[in-house]
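Colleague: Chain by chain, the residues run as shown.
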Amino acid sequence: MTNILPRKDVVIVGLGWSGAILANELTDQGLDVLAIERGPWRDTATDFNIGYAQDELRYGIRRDLFLQPTVETFTIRNSPSETALPLRDFGSFLPGNGVGGAGVHWNGHTWRFWDSDLNIRTHLTERYGAAKIADLEVADWGITGAELEPYYDRFEYLAGISGKAGNIKGELQDGGNPFEDARSRDYPLPPMQMTYAPTLFAEAGRSLGFHPFPTPSANLSQNYVNPLGIAMGQCTYCGFCERFGCANYSKASAQTTVLPVLMKKANFEVRTDSEVLHVNLDASGKSARGVTYIDTSGQEFFQPADLVILCAYGLHNVRLMMLSGIGKIYDPVSGEGVVGRNYCYQTNSGAQVFFDDKNFNPFIAAGALGQTIDDFNGDAFDHGGLDFVGGAGINCIPTNGRPIATRPTLPGTPKWGSAWKKATVESYKSTLAFSSQGSSYASRNNYLDLDPTYKDRFGRPLMRMTFDFPDNDIRMSNYVCDRMEEIAKTLGGKQHVISRRKKGWDSVPYQSTHNTGGAIMGTNPAKSAVNRYLQSWDVPNVFVIGASAFPQNAGKNPTGTVGALAFLAADAIRDQYLRNPGAPLVSA
Amino acid sequence: MSYRSSVRLNRRHFLSSVAIFLAAGTSASFARSISGSLPWQALASDPPIQVVPGGWYFFTPQEAATVEAIVDRIIPADELSIGGKEAGCAVYIDRQLTGPFGSSSRLYTKGPFLPGLPTQGYQGEANPAQRYRAGLAAMDAFLKQRDGKSFVELQPAEQDAFLTEMEAGKIALPNGIKSAGFFGLVLQNTMEGFFADPIYGGNKDMVSWRMIGFPGARYDYRDHVTKHNEPYPQSPVSISGRPEWLGKGI
Numbered sequence: 001m002t003n004i005l006p007r008k009d010v011v012i013v014g015l016g017w018s019g020a021i022l023a024n025e026l027t028d029q030g031l032d033v034l035a036i037e038r039g040p041w042r043d044t045a046t047d048f049n050i051g052y053a054q055d056e057l058r059y060g061i062r063r064d065l066f067l068q069p070t071v072e073t074f075t076i077r078n079s080p081s082e083t084a085l086p087l088r089d090f091g092s093f094l095p096g097n098g099v100g101g102a103g104v105h106w107n108g109h110t111w112r113f114w115d116s117d118l119n120i121r122t123h124l125t126e127r128y129g130a131a132k133i134a135d136l137e138v139a140d141w142g143i144t145g146a147e148l149e150p151y152y153d154r155f156e157y158l159a160g161i162s163g164k165a166g167n168i169k170g171e172l173q174d175g176g177n178p179f180e181d182a183r184s185r186d187y188p189l190p191p192m193q194m195t196y197a198p199t200l201f202a203e204a205g206r207s208l209g210f211h212p213f214p215t216p217s218a219n220l221s222q223n224y225v226n227p228l229g230i231a232m233g234q235c236t237y238c239g240f241c242e243r244f245g246c247a248n249y250s251k252a253s254a255q256t257t258v259l260p261v262l263m264k265k266a267n268f269e270v271r272t273d274s275e276v277l278h279v280n281l282d283a284s285g286k287s288a289r290g291v292t293y294i295d296t297s298g299q300e301f302f303q304p305a306d307l308v309i310l311c312a313y314g315l316h317n318v319r320l321m322m323l324s325g326i327g328k329i330y331d332p333v334s335g336e337g338v339v340g341r342n343y344c345y346q347t348n349s350g351a352q353v354f355f356d357d358k359n360f361n362p363f364i365a366a367g368a369l370g371q372t373i374d375d376f377n378g379d380a381f382d383h384g385g386l387d388f389v390g391g392a393g394i395n396c397i398p399t400n401g402r403p404i405a406t407r408p409t410l411p412g413t414p415k416w417g418s419a420w421k422k423a424t425v426e427s428y429k430s431t432l433a434f435s436s437q438g439s440s441y442a443s444r445n446n447y448l449d450l451d452p453t454y455k456d457r458f459g460r461p462l463m464r465m466t467f468d469f470p471d472n473d474i475r476m477s478n479y480v481c482d483r484m485e486e487i488a489k490t491l492g493g494k495q496h497v498i499s500r501r502k503k504g505w506d507s508v509p510y511q512s513t514h515n516t517g518g519a520i521m522g523t524n525p526a527k528s529a530v531n532r533y534l535q536s537w538d539v540p541n542v543f544v545i546g547a548s549a550f551p552q553n554a555g556k557n558p559t560g561t562v563g564a565l566a567f568l569a570a571d572a573i574r575d576q577y578l579r580n581p582g583a584p585l586v587s588a
Numbered sequence: 001m002s003y004r005s006s007v008r009l010n011r012r013h014f015l016s017s018v019a020i021f022l023a024a025g026t027s028a029s030f031a032r033s034i035s036g037s038l039p040w041q042a043l044a045s046d047p048p049i050q051v052v053p054g055g056w057y058f059f060t061p062q063e064a065a066t067v068e069a070i071v072d073r074i075i076p077a078d079e080l081s082i083g084g085k086e087a088g089c090a091v092y093i094d095r096q097l098t099g100p101f102g103s104s105s106r107l108y109t110k111g112p113f114l115p116g117l118p119t120q121g122y123q124g125e126a127n128p129a130q131r132y133r134a135g136l137a138a139m140d141a142f143l144k145q146r147d148g149k150s151f152v153e154l155q156p157a158e159q160d161a162f163l164t165e166m167e168a169g170k171i172a173l174p175n176g177i178k179s180a181g182f183f184g185l186v187l188q189n190t191m192e193g194f195f196a197d198p199i200y201g202g203n204k205d206m207v208s209w210r211m212i213g214f215p216g217a218r219y220d221y222r223d224h225v226t227k228h229n230e231p232y233p234q235s236p237v238s239i240s241g242r243p244e245w246l247g248k249g250i
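As given, the protein sequences belong to chains A and B, one line each in that order. Residues 1 to 588, numbered by full-length UniProt numbering, are exactly what the first sequence covers, in order. Residues 1 to 250, numbered by full-length UniProt numbering, are exactly what the second sequence covers, in order.
In case anyone wonders, no lab produced these hints; they're calculated from the structure. Since this is a predicted model, take the numbers as computed values, not measurements. Warning: the hint list may mix true and false statements.
[What the hints assert, rightly or not] Per the computed footprint, the stretches of chain B lying under chain A, defined by three or more beta-carbons under 8 Å from a beta-carbon of chain A, are: (1) 50 to 57; (2) 65 to 73; (3) 77 to 83; (4) 109 to 117; (5) 180 to 193.
[Stated by the list, open to error] In the DSS-like style, the derived pairs of lysine-lysine whose C-alpha atoms are separated by at most 25 Å in a straight line are: (6) B:K110 <-> A:K429; (7) A:K415 <-> B:K227; (8) B:K144 <-> B:K110; (9) B:K149 <-> A:K164; (10) A:K328 <-> A:K415; (11) B:K85 <-> A:K415; (12) B:K227 <-> B:K178; (13) B:K85 <-> A:K422; (14) B:K227 <-> A:K358; (15) B:K227 <-> A:K429; (16) B:K227 <-> B:K144; (17) A:K502 <-> A:K328; (18) A:K494 <-> B:K85; (19) B:K110 <-> A:K455; (20) A:K422 <-> B:K204; (21) A:K415 <-> B:K170; (22) B:K204 <-> B:K110; (23) A:K415 <-> B:K110.
Yeah, the Cβ is synthetic: ideal placement off N, Cα and C, and Gly gets one too.
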């Protein structure tokens, strides 16, 4: 039997980065806001305890803070002709869980997408002609870089991002990224102190004529008090960042930037360990009545609400829409349907340079501490004579020396025995690694839908992911790998290895938790699930916030853009939607 | 309002009263409503539980002897370190197999179980505890038939040769057990034990960390960040400190 609860103005599904931002903005407006979070409550003092946060086995390998596949997983395959099977354990990507979401254990790379990433179809068509992107489903976001700039600014100042501007109001700045769009002001904090490997990488890049700059980081270079009055501490370069919670209040997350203010508000409540099963629609299917959730006692509750905001991880947002009947599910054969289309990922590759005479102290590190070269990202370079579009950031961001997972050895080294041990000791401190993080562009047969066979713990279909790297993206990645090889040769060393991305996406080794799309924003209700304010075209009192809204992914980490979109949606709800609740902000 | 702290206290009491070892982080949390303040509670944290060597909780004595022999070939004693057996890698694996890792309790274990592509990851029905039980039995049965000896009775060079063939998938173990897959599991777990914090039973006295120069559970390197190419001067610490702090000596 379902228990019916008292009505709320707003229900937010998921209390991570975007949920915390939306909740804080809308409670400021006087609304009665409830967040429902599938995972547990987490706070720094209790759960990211400085006495044992540095536990690689528990947090890095067993992934204590992450979503467990027994709670929800996905079935996966490379093409529609294959049978999808469940990810019995996560590998290639690792969704978060609990209050703070994946923002608890992210690295902290905080990028802005460029106007040419957002107006991508228009931009590429004008510059190269429509034939250049004929095989791809790349789509405009329906919003310009200039429109998004104030929201990036708000997120960066909320989070205390450490970096160096490359372009302030059109004036190029020495030491920053010359390819970025104009920003209204510099980052709130200066760059972090630089470790040895990124320093050498930047020198090599400069000698080749490239433009390295400090990676914008949510690991704080200095103590900081954010605009909400919340104090954060300087990063201590401990090397237990990604996959770990920060015990120092030095990594921006919902816990360190929003929750201390939000939790004190009488008009905010969070219910934890409570999983939303679906959004309830009225008989017309065009208005949400609230959500149904189940808690750890196994009881079901119906929570009525005037406005429902999906702020779960992007993939979970998409599945909730499918399970709730919000928007038609995409069909790759007909090309029709909006929910599940334009699923994209990240096209990465790696490089290692082995030295005899250097000591990089790899354990002195932070999740986002390093240097980036953007000369070959997005459309920063001319693709006129090239057989692809898109690009990659080339990043030297050595995040850790945690030895269960980080033990580079020369190619051909045995995996065990005395020869393995000797090679491990030789290379542990003296290996420089860098990587490319490439764009992932939508194509017709990369999509999400519901699996016909496998069910979750409540008997509901798992979401099925069909994905492989499009040929365009493989060509892009190979081109950037050639540039990486130039950098590796310049760095010297006794040997280098370039690990190129190949077709046949492999779900086992970790690659990236940048799963984007599936509920994309856009200008055309036939080809997008939400409008430019993240409002569902089909059910206007539902907003869907997250990287699920990206029509394709750039060669950049998505969190900065997710944070900006959260502020954009909050403004749209406050300044426009609440004047006429339930009405679409963009007419279809 | 918080029932988590009382649950955790009860759990710790339970653990100290009976000798059942769960891997850290398995405590259940329960649905709760939080409003009006940050709900910090004293003693609500969930620290790891130190593995104490002595006895076997999962392995039979025969299985334990085989695993100790294997980990001593994967990580042999030489001029760089003690061997995997003395480091505690078999104890580590034994304790892991009694917890959520061994039972796959965090993983997706619903059927149907179909053979997949390598890119779809492990699709077997057996959990790690079952794979060890079956894999070790299959190894012994194979060797008894081929050599008339068990693994522990082989010479180290013979053990290395056998493990090398296992790794390459060239050994046809009985009961359809894939030798490369089983070896891969043992290799993964041995390395985890050797390089994890010593509280988990392997990496005795931080031997692997001393070997490669990893300073362990330190949390502040600000004074060394820009000392490029200079060795870090401090020796490692574990979550439980250093042996000399505990009065045991190194």
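Colleague: Run every hint past the structure and note whether it holds.
Modeller: Status of each hint after checking the structure:
{"no.": "1", "hint": "50 to 57", "in the structure": "violated (count 0)"}
{"no.": "2", "hint": "65 to 73", "in the structure": "violated (count 1)"}
{"no.": "3", "hint": "77 to 83", "in the structure": "holds (count 3)"}
{"no.": "4", "hint": "109 to 117", "in the structure": "holds (count 6)"}
{"no.": "5", "hint": "180 to 193", "in the structure": "holds (count 4)"}
{"no.": "6", "hint": "B:K110 <-> A:K429", "in the structure": "violated, 42 Å"}
{"no.": "7", "hint": "A:K415 <-> B:K227", "in the structure": "violated, 32 Å"}
{"no.": "8", "hint": "B:K144 <-> B:K110", "in the structure": "violated, 36 Å"}
{"no.": "9", "hint": "B:K149 <-> A:K164", "in the structure": "violated, 66 Å"}
{"no.": "10", "hint": "A:K328 <-> A:K415", "in the structure": "violated, 49 Å"}
{"no.": "11", "hint": "B:K85 <-> A:K415", "in the structure": "holds, 18 Å"}
{"no.": "12", "hint": "B:K227 <-> B:K178", "in the structure": "violated, 49 Å"}
{"no.": "13", "hint": "B:K85 <-> A:K422", "in the structure": "holds, 18 Å"}
{"no.": "14", "hint": "B:K227 <-> A:K358", "in the structure": "holds, 12 Å"}
{"no.": "15", "hint": "B:K227 <-> A:K429", "in the structure": "holds, 14 Å"}
{"no.": "16", "hint": "B:K227 <-> B:K144", "in the structure": "violated, 57 Å"}
{"no.": "17", "hint": "A:K502 <-> A:K328", "in the structure": "violated, 33 Å"}
{"no.": "18", "hint": "A:K494 <-> B:K85", "in the structure": "violated, 34 Å"}
{"no.": "19", "hint": "B:K110 <-> A:K455", "in the structure": "holds, 8 Å"}
{"no.": "20", "hint": "A:K422 <-> B:K204", "in the structure": "holds, 19 Å"}
{"no.": "21", "hint": "A:K415 <-> B:K170", "in the structure": "holds, 17 Å"}
{"no.": "22", "hint": "B:K204 <-> B:K110", "in the structure": "violated, 38 Å"}
{"no.": "23", "hint": "A:K415 <-> B:K110", "in the structure": "violated, 32 Å"}
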